[in-house]
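Engineer: Between the sequences and the hints, there should be enough to build the whole structure, so can you do that?
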Amino acid sequence: MVGSRCGVEMLISDGDDLDIDLRDRRNREEKRREEKREREEKRREEKRRKRREEKRREREEKRREERSPLLSQRLSPLEREEERREDREETSLCSLWDPKVCSATSLGVQKPIK
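Read in order, the letters of the sequence shown correspond to residues 0 to 113 in numbering that gives the first Met the number 0.
What the hints contain is simulated information worked out from the structure, not anything from laboratory work.
Some clues are possibly wrong.
[Said to hold, decoys possible] Derived PhoX-like pairs: lysine-lysine, alpha-carbon spacing no greater than 20 Å straight-line: (1) LYS41 - LYS30; (2) LYS61 - LYS49; (3) LYS35 - LYS46.
Just so it is clear, the structure is predicted and the values come from calculations on it, not from any experiment.
Structural biologist: Below, the structure is given as structure tokens:
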């Protein structure tokens, strides 16, 4: 009876060890999955950030091209006069403000305000 009792305790003890091993393995696997999810999320966020940055650069480049001197050479005389008038309006609006606060670049004008 004592021997069989010891045998039962041994089985229970071995079962506990197996449960602990299984639990540890599951915890490690879950931790690995979580780390993988975090890496994937980081990678996706980095891709999103790069895409946003690239789109911002493209918009800035497009704005610079729109204001470039080469553009004014391609414009008809009427369009050039309209551009000059817009620039004068922006300049006159800027003169209403403190020149330290208002700059040509803040208005999108690439030439200095006189």
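Engineer: For the pair supplied as a hint, LYS35 and LYS46, confirm whether the alpha-carbon distance does not exceed 20 Å.
Structural biologist: Given that 20 Å is the threshold and the Cα spacing comes to 16 Å, the pair holds.
Engineer: Between the alpha carbons of LYS41 and LYS30, is the straight-line distance 20 Å or under?
Structural biologist: holds, 16 Å
Engineer: CA of LYS61 to CA of LYS49, is that 20 Å or under?
Structural biologist: Roughly 18 Å between the alpha carbons, so the hint for LYS61 and LYS49 holds.
Checked against the numbered hints listed earlier, the structure breaks none of them; every hint is satisfied.
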